[in-house]
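Asks: Here's the letter readout for the chains.
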Amino acid sequence: MASRGYEKALTMLRTLPRVGIYNIAANPGHVKKSKRGRAQHGGDKHGAGNKGSLARQNYMRMGYETGNNPYYLRFPAEPYYVGHHLRRQYPPLSLAKLQLMIDTDCLDTSKPIDLVQICNTGYYEIKPQSKHYGVQLTDEGLDNFKAKINIEVQWTTEPVIAAIEKNGGTITTAFYDPHSLFALTNVKKFLESGEPIPKRMIPPEDAIEYYTNPKNRGYLADPEKISYERLVLAQKYGYTLPKIEEDPDYKMLTERKDPRQIFFGLEPGWIVNLVDRIILKPTDPELKEYYRT
Amino acid sequence: MFRKLVCRLIRPAGYPQAVARFSSVQETYPDEASKASQQYFNTPMIVERKLEFPTKDGRSRRAWVENIDSVEERKVGMIDLHPEIFAVQPRIDMIWENARWQMNYRKVNLVQVNSRAEMRGGGRKPWQQKGLGKARHGSIRSPIWYNGGSAHGPRAPTTKFYMLPMHTRLFGLKSMLSIKLAQDDLHIVNSLDIPTNDPTYLLDLAEERLWGPSVLFIDDTDLAPENFAVAADSIPHMTIMPVYGLNVFSMLKHDTLVLTLAAVERIEKQMLFFMNRADRAKFGRKFLTSQV
Amino acid sequence: MLRSLVNSCLRVGVSSRALQDNVVSHGYNFFKPQLARCFSTVLLQNPNGFGNEASSLRNINMLDNSLRLPVLAPLLLQQQSRTVTKFSLGRGKRQTVKSVPARFYRLDWGIWIRRIAGAHKKLWKKSMKRRMRLERHVLVNSTRSYMFDKMVSKYWRTPKHWVDDPYAPYHKREDYFCTRKEPRPLPAGVTFPLEK
Numbered sequence: 001m002a003s004r005g006y007e008k009a010l011t012m013l014r015t016l017p018r019v020g021i022y023n024i025a026a027n028p029g030h031v032k033k034s035k036r037g038r039a040q041h042g043g044d045k046h047g048a049g050n051k052g053s054l055a056r057q058n059y060m061r062m063g064y065e066t067g068n069n070p071y072y073l074r075f076p077a078e079p080y081y082v083g084h085h086l087r088r089q090y091p092p093l094s095l096a097k098l099q100l101m102i103d104t105d106c107l108d109t110s111k112p113i114d115l116v117q118i119c120n121t122g123y124y125e126i127k128p129q130s131k132h133y134g135v136q137l138t139d140e141g142l143d144n145f146k147a148k149i150n151i152e153v154q155w156t157t158e159p160v161i162a163a164i165e166k167n168g169g170t171i172t173t174a175f176y177d178p179h180s181l182f183a184l185t186n187v188k189k190f191l192e193s194g195e196p197i198p199k200r201m202i203p204p205e206d207a208i209e210y211y212t213n214p215k216n217r218g219y220l221a222d223p224e225k226i227s228y229e230r231l232v233l234a235q236k237y238g239y240t241l242p243k244i245e246e247d248p249d250y251k252m253l254t255e256r257k258d259p260r261q262i263f264f265g266l267e268p269g270w271i272v273n274l275v276d277r278i279i280l281k282p283t284d285p286e287l288k289e290y291y292r293t
Numbered sequence: 001m002f003r004k005l006v007c008r009l010i011r012p013a014g015y016p017q018a019v020a021r022f023s024s025v026q027e028t029y030p031d032e033a034s035k036a037s038q039q040y041f042n043t044p045m046i047v048e049r050k051l052e053f054p055t056k057d058g059r060s061r062r063a064w065v066e067n068i069d070s071v072e073e074r075k076v077g078m079i080d081l082h083p084e085i086f087a088v089q090p091r092i093d094m095i096w097e098n099a100r101w102q103m104n105y106r107k108v109n110l111v112q113v114n115s116r117a118e119m120r121g122g123g124r125k126p127w128q129q130k131g132l133g134k135a136r137h138g139s140i141r142s143p144i145w146y147n148g149g150s151a152h153g154p155r156a157p158t159t160k161f162y163m164l165p166m167h168t169r170l171f172g173l174k175s176m177l178s179i180k181l182a183q184d185d186l187h188i189v190n191s192l193d194i195p196t197n198d199p200t201y202l203l204d205l206a207e208e209r210l211w212g213p214s215v216l217f218i219d220d221t222d223l224a225p226e227n228f229a230v231a232a233d234s235i236p237h238m239t240i241m242p243v244y245g246l247n248v249f250s251m252l253k254h255d256t257l258v259l260t261l262a263a264v265e266r267i268e269k270q271m272l273f274f275m276n277r278a279d280r281a282k283f284g285r286k287f288l289t290s291q292v
Numbered sequence: 001m002l003r004s005l006v007n008s009c010l011r012v013g014v015s016s017r018a019l020q021d022n023v024v025s026h027g028y029n030f031f032k033p034q035l036a037r038c039f040s041t042v043l044l045q046n047p048n049g050f051g052n053e054a055s056s057l058r059n060i061n062m063l064d065n066s067l068r069l070p071v072l073a074p075l076l077l078q079q080q081s082r083t084v085t086k087f088s089l090g091r092g093k094r095q096t097v098k099s100v101p102a103r104f105y106r107l108d109w110g111i112w113i114r115r116i117a118g119a120h121k122k123l124w125k126k127s128m129k130r131r132m133r134l135e136r137h138v139l140v141n142s143t144r145s146y147m148f149d150k151m152v153s154k155y156w157r158t159p160k161h162w163v164d165d166p167y168a169p170y171h172k173r174e175d176y177f178c179t180r181k182e183p184r185p186l187p188a189g190v191t192f193p194l195e196k
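Residue numbers (UniProt numbering), protein chains in the order written: chain A, 1 to 293; chain B, 1 to 292; chain C, 1 to 196.
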């Protein structure tokens, strides 16, 4: 193998004097001499020229064009941002990036993949406070997607579903309300707060259609209809649907959360004590009923 | 440097002299080391140290493990060092950044110079506005006056505190460790148990082994063996630190760096963890003292 | 639908062979998701099923983008203050000039787009070709775009990841080599690692 850069550098250092406090320096140009605001260069008029509104700090409001109809008022209004404060956002995650995460052992394909696992890789982030409602799986890198996974996302399209099912995997679209998302995206912080695990809310009216549709593999859809749709999609895209019930990972691939569940293995109403390593479950029948419904 | 050369020439012929302190591809080291051991001393050998998180191409650096219980050097074994910590491209600029940060972040400037309001006097208008042919003034302590107040002077207390990003600090440590290993200034000892608490023991040891006058000892814990603590205490140019005290400035200041085996394990584990954290995003953001 | 779900909840592990044979004979791929914990009664509570609810609510679409001026008229009729507030009285925050997002749309690469003036006016006397030209959205000058960026707060400058956004393809400029950000995908058949 050819000598690498670091090898050359370290070999060179063997013949050079000992590196000490007296012979180290910053990269050239890193240390800039600060220009004091005094005298001719850097000072005097401080970049404001002679007289005028700029020098006298008497500015006109931004966009003002000395009385004529300003540019930002000339054009007709357009409902670009109508309802922006209500619209849900789903930051995209491409199939290429997902494949890369799997190839570099950031994601464990032997277990179901959740929003928690995707955020824990460190290569993807969700900000629930910015109206982000989860992960959207996009079709970029669809042709090279080779992994068999059980993945749960919040939004996706038909070609993506096809790509995942072609490889023998399963995909579900599930809705999480913002409170659940705060818990999901920072699990440790949430559990340390000592709050009981909340129950996941059902989707709002404009999202129910999406999540009850078997075509989207919605978590509220009929599983038998989903089976049918899997076959339909296989025929549409022209691949043989792998027999999932004969797969040794069948149990893992068909693992799903309850509609009210946020974390795998934990039910709403439970309090997880990380210090004492115990879980506290509600005993009051009223509470139990509340968390069950 | 010259002494080192001379001493090398005087060494007996059979001595394993051609052993470089580091190598990228060496298959015969364990045999050579064991041969040396069997030849001269019948002590148990540390033949290899399996890296917990090896690199994909399997490369590693090797270094001798020495003893400290006698003044004369005795090789006790040879271990593998992680190349991503002990053989990185040495970034002198990162080292400079670290040194500059260490020197400055603690500084608090307590100097304060009076402004025109704080100067004694200067409340009265010195002379009337018009009629005298003199320049118009409002106060004898205005900044344009001799002995007047300072307009933009130092106002105490001002800190020079800033946090260097985590990865810059890691880079500095990695670079420094690599440089120390490359320049033969890194020595690994099995422990810090010395037979006496006499400071001359350590001085003789350093003299014999050609360790630079200043030596930095890094141990795993912050409790040193008694003999060593007493001996090193009276020597100002020999410092002992626990692993969490390892820093770029100290490594630059001290000529030789001596690590214990336990310290090497700890350093590697800790640094590799920080280099490969999944939540590295939060360390890339600006450091806010209000959200520590 | 619900009965099968309840069945799947109560069943432990493998489904009955009879049912499986029935489904297999129809050519369906028998895929029964095993709910990790089927403790809630969410799906049981609504006997008509969620699908029916959706159909009845389909007419009430809160995000109907076909609504135009009637929604915006109140905004324009209000007494407007068009100065850029750099530090608000209450919170010390920067405030947006609402006229800008009312008329312009920001693409993630920094440019704003707008409608052409007169696109809604006197269309009866304009030729078809002219109307089509007026329908188009147009880029705003880079100087003006820079000014708009200063007139709005950070929220308007962050990318919005809306699904079914008609302007989604325009937020990236991968077609021009000067403006590419993502590495090009590998040619077909080439995979990582590239060299041994």
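No lab work stands behind these hints, which were simulated from the structure alone.
There may be inaccurate statements among the hints.
[Unchecked claim] Lysine to aspartate or glutamate pairs mimicking DMTMM-like chemistry, simulated, CA-CA at most 20 Å apart:
id, chain 1, residue 1, chain 2, residue 2
1, A, LYS127, B, ASP279
2, B, LYS56, A, ASP103
3, C, LYS181, A, GLU78
4, C, LYS122, A, GLU78
5, C, LYS150, C, GLU182
6, A, LYS188, B, GLU48
7, A, LYS131, C, GLU182
8, C, LYS98, A, GLU78
9, C, LYS160, A, ASP103
[Claimed, not checked] Here are some chain A residues the structure puts well away from chain B; computed CB gaps all over 12 Å:
id, residue
10, LYS8
11, MET12
12, TYR22
13, ALA26
14, ASN27
15, PRO28
16, ARG36
17, LYS51
18, CYS106
19, GLY168
20, LYS188
21, ILE208
22, GLN235
23, LYS281
24, THR293
[To be verified] Here are some, though not all, of the chain A residues that point toward chain C, as calculated from beta-carbon distances under 7 Å:
id, residue
25, GLN89
26, TYR124
27, GLU125
Glycine residues also receive a C-beta, built at the ideal position from the N, C-alpha and C atoms.
Asks: Give a verdict on every hint.
Replies: Tested hints:
1. Distance restraint check for LYS127/A and ASP279/B: the Cα-Cα separation of roughly 15 Å lies within the 20 Å cut-off, and the hinted pair is therefore satisfied.
2. For the hint pairing LYS56/B with ASP103/A, the CA-to-CA distance comes to about 14 Å; that is within 20 Å, so the pair holds.
3. A distance of roughly 30 Å separates the Cα atoms of LYS181/C and GLU78/A; the hinted pair therefore is violated under the 20 Å criterion.
4. For the proposed pair LYS122/C and GLU78/A, the alpha carbon gap of about 18 Å is at most 20 Å, so the pair holds.
5. As the CA atoms of LYS150/C and GLU182/C are separated by approximately 28 Å, the hinted pair breaks the 20 Å bound.
6. Of the supplied pair hints, the one linking LYS188/A and GLU48/B is violated, its CA atoms being roughly 38 Å apart against a limit of 20 Å.
7. With a C-alpha separation of about 25 Å, the suggested pair LYS131/A and GLU182/C falls outside the 20 Å cut-off, and the hint is violated.
8. A hinted pair counts as satisfied when its Cα atoms are at most 20 Å apart, and LYS98/C with GLU78/A qualifies at roughly 13 Å.
9. For the proposed pair LYS160/C and ASP103/A, the alpha carbon gap of about 29 Å is over 20 Å, so the pair is violated.
10. At roughly 9 Å, the least C-beta separation between LYS8/A and chain B is not larger than 12 Å, which violates its mark as non-interface.
11. Here MET12/A does not stay apart from chain B, with its beta-carbon only about 9 Å from theirs, under the 12 Å limit.
12. The claim that TYR22/A is not at the interface with chain B is violated, since a C-beta of that chain comes within 12 Å of its own (minimum 9 Å).
13. At roughly 5 Å, the least C-beta separation between ALA26/A and chain B is not larger than 12 Å, which violates its mark as non-interface.
14. With 12 Å as the threshold on Cβ separation, the claim that ASN27/A sits away from chain B is violated: the shortest Cβ distance comes to roughly 4 Å.
15. Remark: the non-interface label on PRO28/A conflicts with the geometry, its nearest Cβ contact in chain B lying 9 Å away (cut-off 12 Å).
16. Not every beta carbon of chain B lies more than 12 Å from that of ARG36/A, the smallest distance being close to 10 Å; the non-interface claim is violated.
17. Distance check for LYS51/A against chain B: the nearest CB is about 22 Å away, which clears 12 Å, and the non-interface claim stands.
18. For CYS106/A, the non-interface assignment is contradicted: its Cβ lies about 8 Å from the closest Cβ of chain B, within the 12 Å cut-off.
19. With a least beta-carbon separation of about 27 Å from chain B, GLY168/A lies farther than 12 Å from that chain, consistent with its non-interface assignment.
20. Residue-level check failed: LYS188/A sits 10 Å from the nearest beta carbon of chain B, not beyond 12 Å.
21. Non-interface status of ILE208/A relative to chain B is upheld: no Cβ of that chain comes within 12 Å, the nearest being about 34 Å off.
22. A cut-off of 12 Å between C-beta atoms confirms that GLN235/A is not in contact with chain B; the least separation is 40 Å.
23. Every Cβ of chain B is farther than 12 Å from the Cβ of LYS281/A; the closest lies at roughly 30 Å, confirming the non-interface assignment.
24. Non-interface call for THR293/A relative to chain B: holds, since the shortest CB-CB distance, roughly 36 Å, exceeds 12 Å.
25. At a threshold of 7 Å, the smallest CB-CB gap from GLN89/A to chain C is about 4 Å, leaving the interface hint in force.
26. For the restraint placing TYR124/A at the interface with chain C, the shortest Cβ-Cβ distance is roughly 12 Å, beyond the 7 Å limit, so the hint is violated.
27. For GLU125/A, the shortest C-beta to C-beta distance to chain C is roughly 12 Å, which exceeds 7 Å, and the interface hint is violated.
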